[in-house]
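Asks: Taken in sequence, the protein lines are chains R and Z. Note that numbering that gives the first Met the number 0 has the first sequence beginning at 0, numbered continuously upward. Note that numbering that gives the first Met the number 0 has the second sequence beginning at 0, numbered continuously upward.
No lab work stands behind these hints: they were computed from the structure. Treat the hints loosely; a few may be bogus.
Pair ranges (Cβ atoms, derived) [claimed, not checked]:
id	chain 1	residue 1	chain 2	residue 2	range
1	R	P274	Z	R98	51 to 59 Å
2	R	L79	Z	L260	43 to 51 Å
3	Z	C23	R	D218	52 to 60 Å
4	Z	A58	R	Q142	48 to 56 Å
5	Z	A108	R	N38	50 to 58 Å
On the chain Z side, residues computed to face chain R include the following (Cβ under 7 Å) [said to hold, decoys possible]:
id	residue
6	T170
7	L171
8	T173
9	A176
10	D177
11	L178
12	P192
Just so you know, these numbers come straight off a predicted model, no measurement behind them. Here a beta-carbon is modelled for each residue, glycine too, at the ideal position from N, C-alpha and C.
Each chain is listed here by its residues.
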Amino acid sequence: MPANGEVPAIRVEEVDKIFGNDADRVVALNRVSVAIEENEFFTLLGPSGCGKTTLLRLIAGFEQPTAGRILLQDDDITRLAPYDRPVNTVFQNYALFPHMTVEQNIAFALEMLEKPAAEIDQTVTDMLRLVRMEQLRDRRVDQISGGQQQRVALARALAPHPRVLLLDEPLSALDYKLRKDMQIELKRLQHETGITFIFVTHDQEEALTMSDRVAVMNDGNILQVGPPHEIYDHPSERFVADFIGDTNFLPADIIERGGDAVSCRLESGEVLAVPAGVDLPDHDRVTLAIRPEQVTLCETAGDATLQGTLQDAVYIGTDTHYRIRLADDSLFTARVQNARGRAQLFESGDRLGIRLDPEHVQLLKD
Amino acid sequence: MAVARQKPFVIRHMPGFPTLAIVCFFALYMPLVPLVIYSFNAGNNIALWEGISFRWYVAAWDNELVKAAAVRSLVVASFASFFATILATMAALGTTRTRAYRGQTTIYALINQPLMVPEIVTAVALLILFAMIKEATGYHGYAYLIIAHTAFCIPFAYLPIRARLEGMDKTLETAAADLYARPWPTFRRVTLPLMLPGIFAGAMLAFVISLDDVVITEFVKSAGQDTLPTYMLGQLRRVITPEINAISSVLLLISVILVTLIFFLSRNKTA
Ligand SMILES: Nc1ncnc2c1ncn2[C@@H]1O[C@H](COP(=O)(O)OP(=O)(O)OP(=O)(O)O)[C@@H](O)[C@H]1O
Ligand SMILES: [Mg+2]
Chain R
0 MPANGEVPAI RVEEVDKIFG NDADRVVALN RVSVAIEENE FFTLLGPSGC
50 GKTTLLRLIA GFEQPTAGRI LLQDDDITRL APYDRPVNTV FQNYALFPHM
100 TVEQNIAFAL EMLEKPAAEI DQTVTDMLRL VRMEQLRDRR VDQISGGQQQ
150 RVALARALAP HPRVLLLDEP LSALDYKLRK DMQIELKRLQ HETGITFIFV
200 THDQEEALTM SDRVAVMNDG NILQVGPPHE IYDHPSERFV ADFIGDTNFL
250 PADIIERGGD AVSCRLESGE VLAVPAGVDL PDHDRVTLAI RPEQVTLCET
300 AGDATLQGTL QDAVYIGTDT HYRIRLADDS LFTARVQNAR GRAQLFESGD
350 RLGIRLDPEH VQLLKD
Chain Z
0 MAVARQKPFV IRHMPGFPTL AIVCFFALYM PLVPLVIYSF NAGNNIALWE
50 GISFRWYVAA WDNELVKAAA VRSLVVASFA SFFATILATM AALGTTRTRA
100 YRGQTTIYAL INQPLMVPEI VTAVALLILF AMIKEATGYH GYAYLIIAHT
150 AFCIPFAYLP IRARLEGMDK TLETAAADLY ARPWPTFRRV TLPLMLPGIF
200 AGAMLAFVIS LDDVVITEFV KSAGQDTLPT YMLGQLRRVI TPEINAISSV
250 LLLISVILVT LIFFLSRNKT A
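Based on the sequences and whatever the hints tell you, model everything.
Replies: This is how it looks when you write it as structure tokens:
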């Protein structure tokens, strides 16, 4: 729920982070700017090594940026030590103190902040209730399960009521079922506490289902920031479209620029009119991105946009994936939801047509 | 793709391994057996068995010289292991909890120097140095022994402490800082409690090493400052009775107990 005139919770301004020097220089972040709103569930999504953890560590204060500023609301916190920032982290390996009990772990930050004993006790009780762990209060942290440790790590980080909570792939060590439960749990916690969450993942499905907004990163850059549906439906560039969900990429040339629409000729010869994007490139070489589920298949007919031969069909329960060989020999994937009692519409080798809705064709700069 | 299944290398299955292992253990522990047995000898000879008795333990216990030497040994070992452990703890923190710096390897080597320099060389060097200081100050007390023992005990205390610190998950300290702990509370509440088993192990190892030392003590001690090992060395020049066996057996027992404790403390207790 971005911008309603409020000051953003976190602003990252033109931040560079360079590790090492000269020969073995690594540019982990390259001119990164992003604003994260109050009370937002914000996700950093990107492949391994793209700089997600580095950005989180800069916000937490474990590293200093090489250039740029980080603001917490209106305060410049770029040079503050971690213990001076009202920002807490849930670590990927949880980093619970093994020599302390669940209670002592959760109380740690409050003791460091020199809160009165009665208040600490009350907060610990509240936190244990929040993460549903009341009965394990006196247990040693090495005597509880991974999922329970996860909850303790959350409770520990939430106990001092930070302004921002940072979560670095907190669910990656959990099995599928527990992971799904914790996703719901995290959303609930964020809702109940009203704390801004910055969440790191390289799982696109997780990012899309949980976030208010997602930032897609690659190679030290933030490529696109927006709500999940926008990122999914209108990827700004090929990498984003490719990283989030499956996409068919069709190379094309612009042959005519109208007002609202442009005509493109595909490699396979067909001409297609698509809505003009906001920033149309100057050059004529473009790529059209089409989601596999946003097409319809038909028995070769005149109104189909593309023609092809069915290579194979893969049944995956809810859907069937059809791989179609186009005239230029490239493969196009279409996903069709399975109707009851009728698993497969076409047989391998069938000629068939692919109908595209121009609204669902995304024009990408090449 | 057929990969030839390679037999994993297991040393236990190498030819001759069991024999070699038995020979090694035999060489290590065989000499201790008669030592301990003859400490219970009723006769006066260390090689002629004349029946079982505790008389030499009683004799050692009643021997004022032995008692004085034993007390001296314990005092020197206590002080030396205490100081050595403090210094070793600081050295271990300084070599594991800092950003990588130039000369780190050199410092590591320097800390472990007593393990590499022949003991006799250190002994002679200390003898000469302390002689000069004694000349200048006129002080002849125990401080020399304690300083010398502290010096050669440092690497023995350092190694287990360093191993413990290196095995510790560093994100725990990061997490403490994240949870508003400044450097000193982080050390006191997180680092120190977690490195404590290493510190105990280091202190005990230093204690055993100090207790057993002969060469350096022999060179550094002033007249009348015999520790138990140097007292025993002195006895060898006279008539040897099984009293030596009795004292040795007690020392052996103490060492075994301490080393067993060290073993349990430095064992990684991760579930
Ligand atoms: N302390 C460091 N010293 C040198 N290079 C580093 C350091 N930390 C990170 N890097 C480099 O910076 C880049 C970004 O790393 P980062 O850990 O932020 O990636 P990530 O997006 O979190 O990846 P993953 O999904 O694998 O956790 C990588 O190329 C990494 O090798
Ligand atoms: Mg990471």
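Asks: Taking the hints in turn, state whether each one holds.
Replies: To see whether the hints hold, each was checked on the structure:
no. : hint                       : result
1   : R:P274 - Z:R98: 51 to 59 Å : holds (54 Å)
2   : R:L79 - Z:L260: 43 to 51 Å : holds (45 Å)
3   : Z:C23 - R:D218: 52 to 60 Å : holds (56 Å)
4   : Z:A58 - R:Q142: 48 to 56 Å : holds (53 Å)
5   : Z:A108 - R:N38: 50 to 58 Å : holds (55 Å)
6   : T170                       : holds (4 Å)
7   : L171                       : holds (6 Å)
8   : T173                       : holds (6 Å)
9   : A176                       : holds (4 Å)
10  : D177                       : holds (5 Å)
11  : L178                       : holds (4 Å)
12  : P192                       : holds (5 Å)
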